[in-house]
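Trainee: So the protein sequences, as listed, match chains A and B. Take the first sequence: its letter number 333 is residue 333 in UniProt numbering, and every next letter is one higher. Take the second sequence: its letter number 35 is residue 35 in UniProt numbering, and every next letter is one higher.
Please note: incorrect hints may appear among the correct ones.
[Stated by the list, open to error] Sample of chain B residues at the chain A side, in silico, Cβ under 10 Å: (1) Lys107; (2) Leu120; (3) Pro190; (4) Pro533.
Hints in this document: simulated from the structure, not taken from any laboratory. Where a beta carbon is used, it is the ideal one built from N, C-alpha and C, also for glycine.
Here is what each chain is made of, one letter per residue.
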Amino acid sequence: MASLLALQEELRQNFRSGATRSVAWRKAQLRSLHRLLTEEEDQIFTVLHEDLGKHRVESFRDEIGVLLKSLKYSLTHVQKWMAPKKRQLPLAFFPATAEVMPEPLGLVLIFSAWNFPLALSLEPLIGAISAGCTTVIKPSEHAPATSSFLARAIPKYMDTKAIKVIEGGIPVAEQLLQEKWDKIFFTGSIQVGRIIMSAAAKHLTPVTLELGGTCPAVVDSRLSSSDREMAAKRISSAKWGCCNGQACLAVDYILVEEKLASNLIDLLKQSIKRNYGENLAESKGIARIVNKHHFMRLCSLLEDPRVSASVVHGGSVDEEKLFIEPTILLNPPLSSKLMTEEIFGPLLPIVTLKKIQESIEFINSRPKPLAIYVFTEDEKLKKRVLSETSSGSVTFNDVLLHYLADELPFGGVGESGIGSYHGKFSFDTFTHEKAVLRRHFFMEPQARYPPWNDFKLKFIRLMYRFDYLGVLLLFLGLKR
Amino acid sequence: MMRSVGVELVRDCSLGFAYTGGCARNRNRGEQKNTKKKWIQTQHSQKLPSFGRITTSSLSYSSGPQSQSLSVMADEIVFNKKERFDKDAAASIVKELRGTFCSGKTKSYEWRVAQIKGILRMLVDRERDIIEALYKDLSKPETEAFVAEISMATSSCSHALKDLKHWMKPEKAHTSFTTYPSSAEIVSEPFGVVLVVAPWNFPFLLAIDPVIGAIASGNSVVLKPSEIAPATSSFFRKYLEEYVDSSAIRVVEGAIDETTALLEQKWDKIFYTGNGKVGRIIMAAAAKHLTPVVLELGGKSPVVVDSNINLMVAARRIVSGKWGSNNGQTCVSPDYIITTKSFAPTLIDALKQALEEFFGKDLLQSKDISRIVNSKHYARLSNYLDEDKVSSKIIHGGQRDEKQLKIAPTFLLDVPEDSQIMNEEIFGPLLPIVTVDKVEDGFDIINSRSKPLAAYLFTNDKKLQEEFVRTISAGGMLINDTILHLTNPSLPFGGVGESGIGSYHGKFSFDAFSHKKAVLYRSFAGDSSARYPPYSPKKLRLLRALLQGNIIGIILTLIEFLRV
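Using the sequences and the accompanying hints, generate a full structural model.
Mentor: So this is what it looks like as structure tokens:
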């Protein structure tokens with residue numbers, strides 16, 4: 001414990017010195033991080049393959065590439081974000097100036113997750129650096145190769161007086177949570193999210209919680225056949241192509257009208273075959289299940305006889321390789337664990353409805369998802385989804401892609417999380433917006449002060465209405 | 001310790017997995033209409049000498065103003081016996097408000113405007129009642145009640161009415177080449193059913209202001225006014241629901257038990273104004289349901305006074321911010337002054353002079369100054385003064401009148417740092433003055449403490465101003481004045497660190513009660529196969545170019561693609 005306190009003190013002292021506040025420091029760190037990603041690319045491919053069996057292209061697309069994009073965006077904009085923003089003042093305040101000044105929150109703690117162990121550690125770090133904070137990162141112990149890579153590489157490239165990596169499991173996390181931080185940024189499960197927030201409450205630490213998914217995809221049967229094919233392609237590549245369903249943004253289940261179900265299943269099967277070939281177990285293009293624990297969890301979802309009866313494609317498992325085949329299920333019972341918990345794996349249930357409009361009711365009967373995907377050309381349905389459902393985000397006619405848009409906030413609502421990040425929102429997440437009002441000593445209406453009388457009350461009434469003419473008349477004795 | 005908290009929470013999660021927050025399960029609106037009732041609470045306040053809060057409270061159930069059918073009258077008879085406001089009562093209110101929210105009516109622009117106009121009407125119609133309630137609770141002078149509470153609420157309403165349409169508009173977001181072709185926007189959507197827990201010091205404004213924000217954003221809202229300001233609390237219970245849609249906006253009166261019952265419910269946002277101790281309880285309770293919180297807390301807001309100033313203007317501004325604003329019982333009230341040793345006597349004289357100008361010679365009897373809220377707080381403040389090492393430091397004031405709950409404006413010079421008064425938020429008419437050799441030394445004192453809600457500096461030295469703004473962290477800061485910054489709706493009002501989480505006022509209130517939903521529109525055209533497996537080195541190259549928005553790179557790689 002003593003060493004953690006000493007480490008915190010070192011970071012706090014460095015923060016107090018103001019070293020991390022200059023734009024030069026922030027940009028230099030962002031550039032170093034860029035260098036880390038490019039120079040250590042091969043290493044990163046290796047560790048991600050070791051932890052999750054991710055293909056190089058997938059690793060680049062979902063982790064390195066995304067980070068390079070964000071770094072470039074932040075480097076371009078950080079100076080503008082840092083600048084105080086002038087605010088309008090009513091004449092009644094004259095003479096005065098007002099501004100909102102972004103100021104770094106201080107020493108922040110980032111807990112990252114194992115499914116995108118690099119991106120989910122470094123994406124928030126980009127925000128913390130841009131904001132001028134000092135940072136401790138606790139990578140997930142369930143992606144040990146990436147965790148130890150970060151512990152090695154970060155000190156090599158980054159300012160060690162401001163950015164530290166602490167590795168470890170639950171005991172380390174518990175120790176970290178005992179101490180006071182100025183912000184805690186957590187990516188992970190709902191259960192742990194609750195623990196983080198109640199620990200943060202002890203020190204009144206603000207939190208950003210990036211939590212669970214349970215993201216539905218709605219496919220409208222009125223789509224043309226080529227659009228349907230495209231929808232299936234996008235769903236399947238986002239489901240099994242991004243860490244094999246182990247992503248908070250993965251499609252958790254599909255809602256579709258009864259009449260389209262069999263067609264959609266065929267399209268999904270075709271797409272799986274095109275993407276991964278006949279022998280899926282041997283495919284290099286698909287990530288494996290992260291560990292035995294999660295493998296067993298997913299298997300237990302399938303073991304429910306009512307669930308296994310609903311499997312229409314796949315379903316084979318290989319415990320030795322921690323591999324579960326992309327699996328499609330049709331109408332598993334809604335009371336099964338598969339349908340009540342976040343799947344976070346390669347199982348994809350399809351739920352059929354009489355009419356596609358019922359999907360709104362269906363989504364609303366469950367916790368608010370991180371994202372809703374709707375494949376439709378029907379503007380009315382789009383509008384209804386937007387105004388009648390609640391979710392972290394909505395993407396029409398695609399899956400996952402909003403994660404790449406720097407100008408959109410990424411984050412959940414309700415059970416899918418608190419707070420958001422990406423682009424400027426990452427900067428804001430680690431920033432306090434300080435209100436600054438500057439006044440002068442001249443212009444001092446005595447009516448502001450006691451002893452109170454009727455004249456003063458009238459004056460104040462008029463000032464609140466910004467009725468300057470009235471004020472003038474009042475002073476001239478022309479107004480009663 | 002941590003482990004046990006964790007285990008407990010995990011257990012809670014597994015028990016509580018059945019989800020009750022959604023809309024669809026509460027769709028049975030017909031049933032709700034029939035049972036539309038209103039919790040009306042009757043309170044018997046009884047002040048005990050040591051514990052000045054309401055000790056007994058009970059509830060009666062009666063029908064709402066708009067339901068007049070026979071069946072409802074029958075309900076009234078059944079429910080007229082007094083009941084406690086417990087968990088079940090809280091749950092039934094939340095259920096009803098959720099039903100209203102899910103019906104979608106609170107989301108319309110017209111509904112929001114009608115409610116805010118209702119509040120405006122209440123402010124006009126009931127101005128007298130509000131002023132009287134504030135006088136009962138705090139002996140608040142009429143002008144002060146008008147300036148600090150009614151007018152502020154009025155301008156919040158008018159500001160919201162003026163700009164709401166603009167706030168509600170989805171915000172266009174640019175999309176880059178990476179997601180081309182696409183368009184994007186950020187939609188502000190209401191969180192759902194929110195809880196506002198108000199404090200006693202500005203019992204009207206700090207209750208209604210967040211409610212205005214919650215309504216502007218389209219939420220259903222429960223307001224829990226402070227039991228320590230019982231007259232204002234009962235004003236809200238009596239009148240608020242008369243002026244607004246009571247199927248979506250409710251008042252629940254009560255103290256700790258009622259608040260606890262409310263906190264056990266799942267809310268979509270909790271807005272709390274008060275102290276750090278309760279703030280922690282609120283946040284921990286919110287954590288169970290993953291409810292986001294806004295915590296408007298307090299802290300010791302310092303005033304640094306340099307010597308090169310317009311002395312009398314500064315003195316007036318400090319005195320009016322401290323004693324002219326609820327007698328120091330304000331979260332942004334000047335808590336202590338830091339000035340140089342040499343300047344302190346001059347400043348103290350000027351402060352005394354301003355005090356006399358404003359409140360007369362007999363400070364205990366002034367009609368223009370509020371009293372201490374109750375005997376508990378009176379005792380707390382007295383304890384500060386009675387501490388041995390502190391009482392000898394009083395250089396002005398110090399008179400007390402326990403019966404009237406009055407303590408005269410009091411200056412203390414250089415009290416020891418380890419005294420209670422220098423370590424707790426004072427929240428009353430006492431003002432310690434800390435002297436330093438150089439003004440800049442004051443900055444270190446501020447930085448060695450927890451972050452305050454406000455920090456004030458009086459100086460004409462531009463360089464000193466810049467250093468103050470740069471080096472000191474506080475919720476907000478104001479140069480050459482006090483308190484005034486929170487009357488400006490274009491500035492966010494809120495704390496940082498110990499002084500709070502989140503902010504509000506103006507557009508920031510709207511944002512505090514809105515979820516910013518990211519929306520991306522894509523078409524089926526324009527798909528890069530590089531996104532999809534099977535993967536190849538060429539796809540890697542194309543992705544490199546795509547993700548970096550490198551158009552030339554994209555073209556070059558595409559040419560290569562076509563060649564194959």
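Trainee: Going through the earlier hints one by one, which of them does the structure break, listed in rising order?
Mentor: 2
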